[in-house]
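Please take these sequences and the hints and turn them into a complete structure.
Protein chains in written order, with numbering that gives the first Met the number 0: chain A, 0 to 94; chain B, 0 to 475.
To be clear, the hints were calculated from the coordinates, so they are not data collected in a lab. On a predicted model such as this, the values are computed, not experimentally measured, just so you know. Take the hints with a grain of salt, since some may be wrong.
To be verified - Computed beta-carbon distance windows for the label pairs: (1) Gly88(B) to Arg28(A): 20 to 30 Å; (2) Gly111(B) to Gln76(A): 50 to 60 Å; (3) Gly45(B) to Gln65(A): 33 to 43 Å.
Where is the CB? At the ideal position from N, CA and C, for every residue including glycine.
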Amino acid sequence: MALEKSEVTKIAQLARLHVDDGEAEEVARRISDILELINKMQAVDTANIEPLSHPLDAVQRLRPDQVTETDRRDELQKIAPAVEAGLYLVPKVIE
Amino acid sequence: MNWETVIGLEVHVQLSTRSKLFSGTATQFGAEPNTQASIYDLALPGTLPVMNREALRMAVRFGLAIDAEIGRKSVFDRKNYFYPDLPKGYQVSQLHHPTVGRGSLTITLEDGSERVIGVTRAHMEEDAGKSLHEDFHGMTGIDLNRAGTPLLEIVSEPELRNAKEAVAYLKKLHSIIRYLDISDGNMAQGSMRCDANVSIRRQGDPELGTRTEIKNINSFRFVEKAINYEVMRQREILEDGGRIIQETRLYDSDRDETRSMRSKEVANDYRYFPEPDLLPVVIDDAYIEAVRAELPELPDQKRERFVADFGLSPYDAGVLVSSREMAEYFEQVVAICGDAKLSANWVTVELLGLLNRNNWEFVDSPISARRLGDLIARIKDNTISGKIAKTVFEAMIEDQAEVDAIIEKQGLKQVTDSGEIEQLIDAVIAGNPDQVQQFRDGKEAVFGYLVGQAMRLSRGKANPAQVNQILRDKLK
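Written out as C-alpha cells, the structure is:
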C-alpha cells in the first residue's frame, strides 16, 4: 500500500508537523515502506492470539485519591513566555 | 409531511474526586487560575500519569446502576488534537475498551408512561482546561485548573424521539449520579455538560438522516429549546429541498438559536492509538461485587418502595424521588409524623413551592424536615387544622422556634372544647335567622354557609368536624 504525497501533507497538518514540499515525496516513500511491513505482519495467522494493547504483560497500578501536589504556580509561570492575571497567554484562538 | 426526530445525547459528568484522574492535583471548583495545575497537568516533559483509584470505582458504580456490562479490562487511548487548553496535544480517553459498556435506564414521560433508553457506553477521560477569550492584548488566556479532571462520558443510543424525552433522560441521569454521589451534577458550573446529536427523517424511512451535533448546552431548559430549534431548522431546510450538513453547532441561549461552530475545519481525525504511558486497567468479579454491595438505593427502587410501603401514587413517588435531597427530606418527615400521604403533599406542594419561589435548594430550607414533621403531627392530633397549618408554615419561614411554640405564641391552637364551639354556633344561629329558616325549609346548601360563619367567628381555629356535628344537632 503506497501513500500519496497529498496524504502525507494531510497527516503532517493534523500532527502540526512541517514537511517541505520537496521532502513530502521521500516521507511518503518511507511511510509506505512501514505500511508494507505492516501488511506482511497482517498475513500472519493470529486467530489464537489475544489482542495486545500494551507490550508489557502487566496491569495498571492505581493510586489513592489524595491531593499530593501543591500550588507551584509562581514557579511554573516563570518559564512561560507570557502570563497575566494567573493565566498563561497564547496567541489568540479564533473560532 | 410527517417527520421523525432522532436524538442521541453525549453527557460529560465530572467525577467528584478530590484529585485529578492521572495526577495528585486538587480539583476544587473556583480556585484561582492555574493554582491547581501541576507539572503533570501542564504536560512538562518526563511526567507520567498514575491513575486515580476512586475515579475507577465511581465509573464502575455508575455502570452497575444502569445495569451495564463492566469492562474487565479497560484500555486508555490517546485522542490527538491541538488546542491551547490541552497541553499534552492529546486527551487520554477510552476508545475500544471503555470501563462501562452497554446498559440502559428508564425514563418517565409527562403522561406517566415509561420508556427504556439504551446507553451505548460510558468511558473515562480527562477534561481539558479553559480558554478565556477576553482581550489580553490580542492574546487568549489559558486556565489549566480543570485540565486532567476525571470525566465520565455517557453516550446514549439514538433512541430519544423528541426534546422532552431528551430532557427526561438527562434528568434521570442527573438523579442517578446524585444518588450515587459520584458528581455534584451542577450544570451551571459545568460538572454536567450535554451535547446533543440531532437528525430528522421522513416517517418510516429506514435510513437515519444527516445529524448535527449541538455542543455544550448548560441547562435542562436549554437542552429542550436547543433541540426544538434545531429540529425546526432541519425541517425547514429539508422541506425546501435542501440538504443537512454534518457539523457541530453551538446553542446561543440569548438568541434561542443554534449556529455553525466550525466550518473550515478539516473533518476530525483524532488518530487514536493506545496510550503507551498507561497499562490496561484490569478488574475482577470480586471487585465488581464489592462495588455493587456499596450501591445505595436508586431512584427507581426508592419509587417502588414509596408506592408499596407508603401507598403513594406512582406519580407522587416519582416526584419525590427525582431528587435525592427531596426523597431524604420526605423520609425524615414521614418518620416523625407517621403519615406518608400528608407528608408527600406538604413536601411536594408547600415546601417545594417555597423553595422554588426563593430559588433555594433543600439544604437552604428554613424549615427543617424535623419541624415539618412536627407540624404535620399537629394536624394529625387535631391541635390545628390543615388550613391553620398553612399559617403556621408561613410563620415557620421567619421564625426558627419549635412548631408548638409558634402555635402557642400565635394563639392558633384548634378549639376542640365543645362548650366553646356550642357558644360559637349559638351566636351564628342567632345572627343568621333567615339562613337558619331556609335550611329548616329544606335548603341543604345553606348549611355550608353557616359552617363558614362559625369557622370565621373562631378565626379558623374551631375543629371543622365538631362544628359540623354540633351545628347539625342544633338545627334539628
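Check: Against the structure shown, which of the earlier numbered hints fail to hold, in ascending order?
Finding: 3
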